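Can you join these two chains into the complex? Each is in its own frame, and there are hints to help.
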Amino acid sequence: DAGITQSPRHKVTETGTPVTLRCHQTENHRYMYWYRQDPGHGLRLIHYSYGVKDTDKGEVSDGYSVSRSKTEDFLLTLESATSSQTSVYFCAISESRVGSPLHFGNGTRLTVT
Amino acid sequence: SQQGEEDPQALSIQEGENATMNCSYKTSINNLQWYRQNSGRGLVHLILIRSNEREKHSGRLRVTLDTSKKSSSLLITASRAADTASYFCATGESGNTPLVFGKGTRLSVIA
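Residue numbers (my numbering), protein chains in the order written: chain C, 3 to 115; chain D, 317 to 427.
None of these hints come from the bench; they were simulated from the model.
Fair warning: this is a prediction, and the values are worked out from it, not measured in the lab.
Be a bit skeptical, because a hint or two may be false.
Which residues of chain C face chain D? A partial, calculated answer using Cβ under 10 Å [what the hints assert, rightly or not]:
#1 I6
#2 H43
#3 F92
#4 S96
Even glycine gets a Cβ: it sits at the ideal position worked out from N, Cα and C.
One chain only, chain D, in its complex shape (with noise of 0.2 Å):
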């Protein structure tokens, strides 16, 4: 079953605003992923925030994670045309288990 939801669904912006996408999850993970997704395309993996950190940096990406929330925001910086994509988050529950994917944020970024 789906473990990350993500908020909003679509986004559309102005090339040079930040974006900010938002992850909630329902049970323990050990880690959170966040992926890109271009058209036709396969995901892309940009990000992985481990249960112990609070807050990851990655060029103009930053990544929140608030676990007694089970929520983690994705933070683009300053951004292009070219980020115009998917985003989806993806949850490492405790255990060896498989990741399990959110249905995704559209993100347009207007020039």
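One chain only, chain C, in its complex shape (with noise of 0.2 Å):
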């Protein structure tokens, strides 16, 4: 899987909680992406990255806020969790510019209750 490690892979939280979810890469990367899955909606991209420090706004990033302080981590945070953020949430990266294949994680699976 491209060295990618999606954490937790699995997590179930209350609604009005922080929630932070970690994506790991060993490729060194530049750009990492944060997307959401949900029925009937495919994948929806909500933040992605093109450096450390360097991030933008996706489709979905209402909600969502990001971080990415070293090459390797990209993090996803939840400032606070709402049911409508139950989802499915998987980490990609590419090598070069924006538009380039993407490798995926094997995701996380977040229920918000």
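This is the structure we're talking about:
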């Protein structure tokens, strides 16, 4: 799986609590992405990073923040989880510029009760 | 917003048959990619076709791209039960924008 580790793999949390998901890569790729996957919606981009401390919003960024303090780690934070954020979250990386093939992690299944 | 849209949403075929999935998109692209997702796993990149290419092959996979119709097709020949998965197209738009994924086609290959 191209050296991408997502943690945790599963999490159940209560509405209103903060949640942080971690993506760790060993490929030294510049670009990292967070997508969410929901039935009927496919994959939607939340945020992405094009370098350390360089991030940008995606299509569904409201309620999410990200941080990238080093090349190998990209964190996704839900400041105050809501039931609508129940989803499967995928991290992906790519070697070169945006639009290149992506390599995905195996996802984090998040349930907000 | 969703760029690519796959058709059909679901497809069920017998082992050995060919499977064809289609993808339509809306804006100009510089490349189109196809991915596969097995249940419970992340997506795996299958093939990339650039906007100046019309056809590309990789093993049992054949991808076509028609930029005038803004559409692409993925053909899997001689399908196997192990090809059962969801298949997604993703478009790389002009400029440095991230890939935009469609909603996928669920393929079931019955042994």
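Hint check results:
The interface hint given for C/I6 holds, since its Cβ lies 8 Å from the closest Cβ of chain D, which is under the 10 Å cut-off. Proximity of C/H43 to chain D holds as hinted, the smallest CB-CB distance being about 7 Å (cut-off 10 Å). Here the hint on C/F92 is kept, as its CB sits about 6 Å from the closest CB of chain D, short of 10 Å. Satisfaction of the interface hint for C/S96 is found here, the shortest Cβ-Cβ separation to chain D being roughly 9 Å, below the 10 Å cut-off.
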